[in-house]
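Just so you know, the protein sequences line up as chains E and R, in that order.
To convert, note that position 170 of the first sequence is 170 in my numbering; the numbers rise steadily by one, no gaps.
Numbers given in my numbering equal positions in the second sequence, counted from 1, plus 1000.
It should be emphasised that the hints constitute simulated quantities derived from the structure, not laboratory data.
Note that CB positions come from ideal geometry on N, CA and C, so glycine has one too.
Warning: the hint list may mix true and false statements.
Calculated pairs, DSS-like style, for lysine-lysine (alpha carbon to alpha carbon, straight line, at most 25 Å) [said to hold, decoys possible]:
| no. | chain 1 | residue 1 | chain 2 | residue 2 |
| --- | --- | --- | --- | --- |
| 1 | E | 31 | E | 212 |
| 2 | R | 1058 | E | 151 |
| 3 | R | 1081 | E | 17 |
If you anchor each label on the Cβ, the simulated ranges turn out as follows [what the hints assert, rightly or not]:
| no. | chain 1 | residue 1 | chain 2 | residue 2 | range |
| --- | --- | --- | --- | --- | --- |
| 4 | E | 282 | R | 1005 | 54 to 62 Å |
| 5 | R | 1081 | E | 38 | 54 to 62 Å |
| 6 | R | 1001 | E | 28 | 32 to 40 Å |
The following residues of chain R were derived to be distant from chain E, with all beta-carbon distances above 10 Å [what the hints assert, rightly or not]:
| no. | residue |
| --- | --- |
| 7 | 1032 |
| 8 | 1073 |
| 9 | 1083 |
| 10 | 1084 |
| 11 | 1142 |
| 12 | 1169 |
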Amino acid sequence: MSELSVNHLLGIKYLNKKDIGLIFETADHFKEVINRSIKKVPTLRDTTIANIFFENSTRTKLSFELAEKRLSADVINFSASQSSVKKGETLIDTVNNILSMKVDMVVMRHPNPGAGIFLSKHVKASIINAGDGAHEHPTQALLDSYSIREKLGDVGGKNVVIVGDILHSRVALSNIFALKLQGANVKVCGPRTLIPKHIESLGVTVETNLKKALEWCDVANMLRVQNERMDISYFPTTREYTQQFGINKKLLNSLDKQIVIMHPGPINRGVEITSDVADSNQSIILEQVENGVAIRMAVIYLLASKIR
Amino acid sequence: MSQKVLLTSKEIHIILHRLACQLLENHLDFSNTVLIGIQPRGIFLAERLAKILKEEYKVKDIDLGFLDITFYRDDFRRGEKTLEANTTKIDFLVDDKNVVFVDDVLYTGRSIRAALTAIQSFGRPSDIELLTLIDRRFSRHLPIQPNYRGRQVDAINEEKVKVMWEENDGKDIVYLVNK
């Protein structure tokens, strides 16, 4: 019998290869569960989970909530815009108040990098990081790797390129950690201004020519252009970005192989990816969303079983 | 730790044939009956019975499924370790079917309680029966009894019944192990 080496999911950085394998195997079983006519199991009927979102989210929040409900957990939702945070309450006070209502687990999204790690040191609950600033988004990286494994059989040895805003992207960082841990080759591609200095120290290579990167890869993960995180101009115009780093059908057809296209959503159609590519049979964008629920069920199940 | 042999390979062979005949007596051609092996250890017995029924008693087609009960157990977070799941494989609907649960050892009855809940996710069976190779009597926590039993044993709580199958463990044998 194996179990996770961690009590919280704060980032992929804190996991080992065995943990990822266990999460994937468990997710396989939950994927079977959510494809039944009755998609629910009673496992977590005595567990209460708080979803605390200090930042906007649609897909991740829905996916977590669905995963929790499919496991029969009790769920409470909290978003910062309607709360006492506006009145000046600190993070620890907010969370401790929620925990005194007998909550076992906290799923948190926060704009500050390291918020989850900070919280895990100060409160008594299992913490799942649902995105902390530009730091990590571990469940997204897990579901991305799981989708690659499902489509190509294995992640190890595959060539994966992450295209777009690497600088502001927590999805990129978590993906790099996850892919490297499983033995994939990782390249990042984007405008120089959006590629962090010293990114090579994470074991990835840098390419600024999208066509070359696509010719090399088995999988292309197209990141969203995050206008809301860009305080200054990182590229001249969106149109120029699209011309250089956007993927379209013509570019895809010019390659001599079928690559897999991924996107963490929400898509800016016509910016980083055209509609005909996003909706093509090479794209696994909607499979990623389905797998997201199974992966989150697996993570919640495995962490909840360690609560004593 | 000492162990004694409860059933030899030959005894298991005879018992499996007897159980197959008892199933046949009640279900005839198995047209409305499905066998469900309870994961992880009941699947070997279920596969074995299906094979005997097909090869030696000329039953044409038997629906055989595997049911994992991990997510339905009542001891989540009560033990030390994470409960690890196994594969569920039921490719048919159990609505209005006669379901036969197959497991190697019936002990407290809690696994079968979980299986009774789990099977509801696949429909509403017409009825459910239980077949078990070893029935440890006097150790039940719940009012659950088998319809078909291979051998009844009186074992105290410190003892453990270990069922081994040729395809998984190298040979067919059942031990009573004293911990």
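Hints versus structure:
1. 31(E) <-> 212(E): Status violated; Cα separation ~36 Å.
2. 1058(R) <-> 151(E): 41 Å, violated
3. 1081(R) <-> 17(E): Holds - the C-alpha atoms of residue 17(E) and residue 1081(R) are around 19 Å apart, at most 25 Å.
4. 282(E) <-> 1005(R): 54 to 62 Å: 59 Å, holds
5. 1081(R) <-> 38(E): 54 to 62 Å: Violated, at about 28 Å.
6. 1001(R) <-> 28(E): 32 to 40 Å: Given range 32 to 40 Å: holds, Cβ gap about 35 Å.
7. 1032: 20 Å, holds
8. 1073: 8 Å, violated
9. 1083: 7 Å, violated
10. 1084: 5 Å, violated
11. 1142: 16 Å, holds
12. 1169: Given a closest Cβ separation of 18 Å, the condition holds.
Of the numbered hints given earlier, the model fails hints 1, 2, 5, 8, 9, 10; all others are met.
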